[in-house]
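Q: Below are the chains, spelled out letter by letter.
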Amino acid sequence: MDVTRRDLLRASSQSALLSMLPVAALAAPTFEDALPDGVRDGATLEALPGKKPLIKLSYRPPNYETPINYFDQLWTPNDAFFVRYHLAVIPEVDAKEWRLKIGGDGATTPFELTLDQLTKQFEQVEIPAVCMCSGNRRGLFQPHVPGVQWGHGAIGNAKWKGVRLKDVLAKAGVKKEAIELRMDGADSAPLDKTPDFVKSIPLWKALDDSVLIATHMNGQPLPHWNGYPARIIVPGWTATYWMKHITSLELLTKPLDNFWMKTAYRIPQGKFPVVQRFLGQETEINAPITEMLVNSLLTNITNGQKVKVGQQVEIRGMAWDGGYGIRTVEISSDGGTTWTPATLADDPGRFSFRPFNFRFQPKTSGKVVIVARATNKLGQTQTTELIPNPSGYHHNVMHRVTLDVG
Amino acid sequence: MPRILLLASLLLVSSAAVADEDAIKLKAGPGHDQVLQNCAVCHSLDYVRMNATFMTPQVWDAEVQKMIKAYGAPIEAGDAKIITDYLATQYGVPAPAPAPAKAGN
Numbered sequence: 001m002d003v004t005r006r007d008l009l010r011a012s013s014q015s016a017l018l019s020m021l022p023v024a025a026l027a028a029p030t031f032e033d034a035l036p037d038g039v040r041d042g043a044t045l046e047a048l049p050g051k052k053p054l055i056k057l058s059y060r061p062p063n064y065e066t067p068i069n070y071f072d073q074l075w076t077p078n079d080a081f082f083v084r085y086h087l088a089v090i091p092e093v094d095a096k097e098w099r100l101k102i103g104g105d106g107a108t109t110p111f112e113l114t115l116d117q118l119t120k121q122f123e124q125v126e127i128p129a130v131c132m133c134s135g136n137r138r139g140l141f142q143p144h145v146p147g148v149q150w151g152h153g154a155i156g157n158a159k160w161k162g163v164r165l166k167d168v169l170a171k172a173g174v175k176k177e178a179i180e181l182r183m184d185g186a187d188s189a190p191l192d193k194t195p196d197f198v199k200s201i202p203l204w205k206a207l208d209d210s211v212l213i214a215t216h217m218n219g220q221p222l223p224h225w226n227g228y229p230a231r232i233i234v235p236g237w238t239a240t241y242w243m244k245h246i247t248s249l250e251l252l253t254k255p256l257d258n259f260w261m262k263t264a265y266r267i268p269q270g271k272f273p274v275v276q277r278f279l280g281q282e283t284e285i286n287a288p289i290t291e292m293l294v295n296s297l298l299t300n301i302t303n304g305q306k307v308k309v310g311q312q313v314e315i316r317g318m319a320w321d322g323g324y325g326i327r328t329v330e331i332s333s334d335g336g337t338t339w340t341p342a343t344l345a346d347d348p349g350r351f352s353f354r355p356f357n358f359r360f361q362p363k364t365s366g367k368v369v370i371v372a373r374a375t376n377k378l379g380q381t382q383t384t385e386l387i388p389n390p391s392g393y394h395h396n397v398m399h400r401v402t403l404d405v406g
Numbered sequence: 001m002p003r004i005l006l007l008a009s010l011l012l013v014s015s016a017a018v019a020d021e022d023a024i025k026l027k028a029g030p031g032h033d034q035v036l037q038n039c040a041v042c043h044s045l046d047y048v049r050m051n052a053t054f055m056t057p058q059v060w061d062a063e064v065q066k067m068i069k070a071y072g073a074p075i076e077a078g079d080a081k082i083i084t085d086y087l088a089t090q091y092g093v094p095a096p097a098p099a100p101a102k103a104g105n
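First to last, the sequence lines map onto chains A and B.
Under my numbering, the first residue of the first sequence carries the number 1, and numbering increases by one thereafter.
Under my numbering, the first residue of the second sequence carries the number 1, and numbering increases by one thereafter.
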């Protein structure tokens with residue numbers, strides 16, 4: 001995972017090509033065309049303490065998305081990483097006072113850890129992974145779906161460092177009757193009657209090597225707004241399971257029954273090509289959202305950007321999926337009629353963004369619609385048409401950007 | 001990349017403010033006070049505006065009922081009606097109806 005420096009070097013060499021594009025157009029914040037009509041009237045760029053100005057969708061609880069231009073680099077900076085909370089009481093956790101309780105009726109020997117014990121008693125590992133809100137791009141749904149109207153930026157890619165969840169659970173003794181892991185964080189609701197944000201994952205997933213209790217991202221302690229001092233990371237699965245400010249882990253012998261599992265974060269049965277499922281929480285009608293679908297984003301061009309006939313343009317972007325790995329990214333410069341493979345950068349890991357680039361030289365003037373289409377190693381690809389679902393999840397419609405060639 | 005990003009950052013900073021809930025104002029009208037007294041207990045009022053451009057009266061009603069039934073908001077039935085009417089009048093559209101939300105955000 002020593003790709004950082006090489007990627008930075010590659011990025012610098014790309015800036016030579018970039019300079020052929022009009023700098024003003026590229027430098028403009030790209031959030032305008034990333035947000036649906038109406039939402040942009042209220043959305044403003046605002047900075048939370050310790051964060052760069054991000055696109056504010058709601059102040060309390062804080063929901064702030066990352067402007068697209070930050071995704072033109074492999075690792076999303078910590079201070080530009082999106083912020084997403086369900087409930088408005090978010091304590092500033094004192095690392096000295098913080099304790100992680102591990103127990104539940106599926107554990108033989110419940111115990112507690114201080115932050116120091118967590119980081120010293122278990123092997124440290126680091127894994128690159130995309131963290132994406134289930135509702136990323138909800139704002140682009142037609143017809144609209146109520147909820148936080150995310151554009152493209154409820155996502156980020158980081159190197160997460162921490163300890164394997166399975167190592168910590170092993171110390172608690174996993175009973176053979178255990179089926180799920182219940183996860184709770186320090187945040188809560190202003191009203192007692194509001195269901196606290198508590199989630200579970202199936203035991204088999206909790207014991208996967210890739211699932212961590214992370215204390216660091218991109219070499220730094222987690223920012224407050226991203227779960228300090230420790231959060232669960234579940235690479236490949238949407239961020240609803242990446243519990244922030246984690247304080248309690250309970251091995252369960254029965255499925256967790258609460259609003260956040262049974263009602264929220266559900267997808268209709270049979271509509272999406274999902275391999276990893278959470279069978280113990282499924283019904284005939286719907287299922288908990290699990291892994292991310294294959295997807296991609298164009299990161300250095302914006303709608304209406306002016307390009308000259310004959311000008312060499314380098315188009316860049318990021319592709320990702322639920323952890324099977326990206327096989328190809330293809331680019332169309334005619335709105336999706338013909339496709340040419342893009343060049344994939346080195347693979348930082350199967351859960352990471354996979355950068356791609358494509359050189360394009362427009363021959364005639366007019367509107368040119370650039371489209372990106374990623375395919376993963378299972379052969380799954382992105383959709384051309386939105387798959388409607390009640391909560392606005394799994395938007396993996398191919399990203400289209402219209403250039404103005406003159 | 002560094003040069004481009006720097007330019008972008010400068011633009012972002014120059015056009016951005018520090019997050020401030022007091023800057024969020026809703027339109028005046030019957031029901032405004034009930035919205036402030038009830039909805040703002042748990043969340044800032046930018047949620048209202050964010051959803052405004054496509055919310056029919058039915059969908060606003062479903063949202064208010066979700067806040068009461070799923071999130072436990074202690075809103076009296078009379079106030080719920082006033083709140084729904086305010087939202088539909090000030091921050092809604094007449095039709096057609098999109099699918100109502102069945103789940104959390």
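Hints in this document: simulated from the structure, not taken from any laboratory.
All of these numbers come straight from a predicted model, not from anything done at the bench.
Don't take every hint at face value.
Covered stretches of chain A, as calculated for chain B (at least 3 residues, CB under 8 angstroms) [what the hints assert, rightly or not]: (1) 51 to 63; (2) 180 to 194; (3) 309 to 322.
Where a beta carbon is used, it is the ideal one built from N, C-alpha and C, also for glycine.
Q: Verify this for me: three or more residues of the stretch 309 to 322 of chain A with a beta carbon less than 8 angstroms from a beta carbon of chain B.
A: violated (count 0)
Q: Examine the stretch 180 to 194 of chain A: at least three residues should have C-beta closer than 8 angstroms to a C-beta of chain B.
A: holds (count 6)
Q: Would you check chain B against the stretch 51 to 63 of chain A, counting CB to CB pairs closer than 8 angstroms, and say if three or more residues qualify?
A: The restraint on the stretch 51 to 63 of chain A holds, since 9 of its residues have a Cβ under 8 angstroms from chain B and three suffice.
The structure shown violates just one earlier hint, number 3.
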